[in-house]
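Using the hints provided, position chain Z relative to the given structure of chain C.
Residues per chain are reported as follows:
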Amino acid sequence: MVATRAGVRRVDDDGLALWGFGDRAVDVLFDGRRVWSFWLERDTRTTVPGVRSIDWPSALRKFLDGQTRLTVTEHVSGRVLYDQERAFGTAGTRIEIVGRSGAPISLDKSNRISPTFDTRSRADVLPLLTAISTVLDAIASAGIDAFLAYGTLLGAIREQKFLGHDSDADLAYVSAHSHPADVVRESFRLQRAVQERGFHTYRYSGAAFRIDVEEGDGVVRGLDVFAGFIDETSLGSVLYVMGEIAADFQRDWVYPLRTCTLEGQSFPAPAVPERWLEASYGPSWAVPDPAFQFTTSDRTVRQLSGWFRGTSTNRAAWERAYSGARGKLPTAKPSPLARKAASYLSSGGTVIDLGAGRGADSLWLARQGLSVRAYDYVPSAAQAVQQTATDEELDLDVRMVNLNEWRTVLAEGARMSRVDGPRVMIARHTADATNRFGRQALARFASMSLRGGGRLLLDVWTGPGRTPDRLKPVPIDEVARDLTAQGARILVTRERPAREGSQRSSRGRLVAQWD
Amino acid sequence: MGLKDAAGRLKPKLGLGDADLARRVEALEADVLELRRHNVRLAEIADVVQELLVPLASRDQARIDEAIEKFSRSL
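Sequence order for the protein chains is C and Z. Numbers given in the numbering used here equal positions in the first sequence, counted from 1, plus 68. Numbers given in the numbering used here equal positions in the second sequence, counted from 1, plus 14.
This is chain Z alone, in the form it adopts within the complex:
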């Protein structure tokens, strides 16, 4: 069941007009999208940290350069 179907059923109970409800649903969909978008960014950050943190912690410059190079090649 989509959000719009659910909204259709709720409408009489909430006493909302069509336009009002349409706006609310649109805003709700945008909010859901905003939350879903965190997934890819969270994964990106975790990936960068995991792949580069260990070489960075070594403080060995050659190793750090190599790790960045290798990481960039895989993107």
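Next up, chain C with everything else stripped away, as it sits in the complex:
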């Protein structure tokens, strides 16, 4: 690769323009602190011949109001391409790129703003190191030898510390199983082993979960645990690791494990860590790259997605949607569906609010004297409602159900099947918030919860026309078919078109009963 010298031609409120040939990682520093990295060619666009432009990432843009010493350097050589006092926007103060807790933050390789390790003190990361040891021990107690992987292993092998631009810690193991279904079962079992040690865990897929670790100053850091397995056939031996790796590999390059040093402590590593790192990052793994991007082949993505993914579709989008409102009590009035449920249960009973969101309906229903079980993909969205209900001594319980995961549907369905007395389930824009698999799971959950005379009241956007964000219209007949397949008797289906001149989608209302 031919590489020329490079330089910065322009810096303004929109972004940077640089010159130079030959791709390389470039760091952008604010008052001497790395905040963002990108590749000179890969991540930029050519505006005029010889000039490469890149916009400020949206996550960074909101901080660009004030003054800073702006420095641009080549990551590997350290060569300074730009170093000047700059003003952005109108504020006269220094630009401070910090998170809600006041901790310095920067952009990780996915351009997400996070408290990357280069902003952390040794005291800050000590709880993470302790958590890694505890989690490794919990996994070992379940019979699996896990080790440092991905960026954490790379940091340990290359620098004996966390990579400055990394934002989470990673563990992996190679299963003794070779069938993906067994690998998934084992991952479920390991999550339980870790959860029993008192950690809060979060499942990404059938082969990966996260442990939330609180650091010294309250920053919550993700510790990921990835499953791998080796598929041995007559054609060879291929290692698959969630979520990026497929490589020709020998089991004895992993086990027995050896040790490596991370932040002054000893941790397990694969037997030949160089082989593992090459499988993860390619042959240039030893060259530092703060803006690394996986170039996982389409086939590997198809394989890993097919075997392991599909259990948390759209969850991150819903979490983001609710993150701003966390802790705030919703002020929305009760929906017509909630009022209808209350009128059905005029002499008391239980409302199962499926897809409760922030819980406005749930709280209103509980205040009418009803027992309420509020279910959502993102139960933290209804935290404030749960707290208020507890303070007011109302019978309201917020719980998680994931319609893309049968286990939650079956376990919570079993729980709801035990509820005595009249039951009504409301599902307000839940069928249109999920996919086909989720709608079938909704029908299954309703069937388990409502057998013996329980009713389901369901609202759905049916299209054509505009729907709110993250909701996709579904024909009412399709919803009815899925419910009927689970034993429902459809009492009412009604569609109401949008008002004349409105761009909005039509709405559907459905009432079903399980006898």
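Don't read these hints as lab results, they were simulated from the structure. Any given hint might turn out to be false.
[What the hints assert, rightly or not] Distance ranges between label pairs, derived from CB positions:
1) C:178 <-> Z:68: 39 to 45 Å
2) Z:38 <-> C:329: 51 to 57 Å
3) Z:44 <-> C:319: 28 to 34 Å
4) Z:33 <-> C:520: 51 to 57 Å
Quick caveat: nothing in here was measured; it's all calculated off a predicted structure. We put the CB at the ideal spot given by N, CA and C, even for glycine.
Using the frame of chain C, we list chain Z on its own:
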């Protein structure tokens, strides 16, 4: 070797046109995906049965409730 490469080699032998072959490959990929997807669901069912069947067989309601609660917490 990916499916598309294999298909490219087979094409002259089968006497298929490009569009036809592309459709067949697409359908084949969808079929493979459908089969792969059974893995996670099979594992889910096995997990639920294993974790909840024993307490359910005990017919001890308190034990059953506790088992469901514990299971749900781990998801």
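Hint-by-hint comparison with the structure:
{"no.": "1", "hint": "C:178 <-> Z:68: 39 to 45 Å", "verdict": "holds (42 Å)"}
{"no.": "2", "hint": "Z:38 <-> C:329: 51 to 57 Å", "verdict": "holds (53 Å)"}
{"no.": "3", "hint": "Z:44 <-> C:319: 28 to 34 Å", "verdict": "holds (33 Å)"}
{"no.": "4", "hint": "Z:33 <-> C:520: 51 to 57 Å", "verdict": "holds (54 Å)"}
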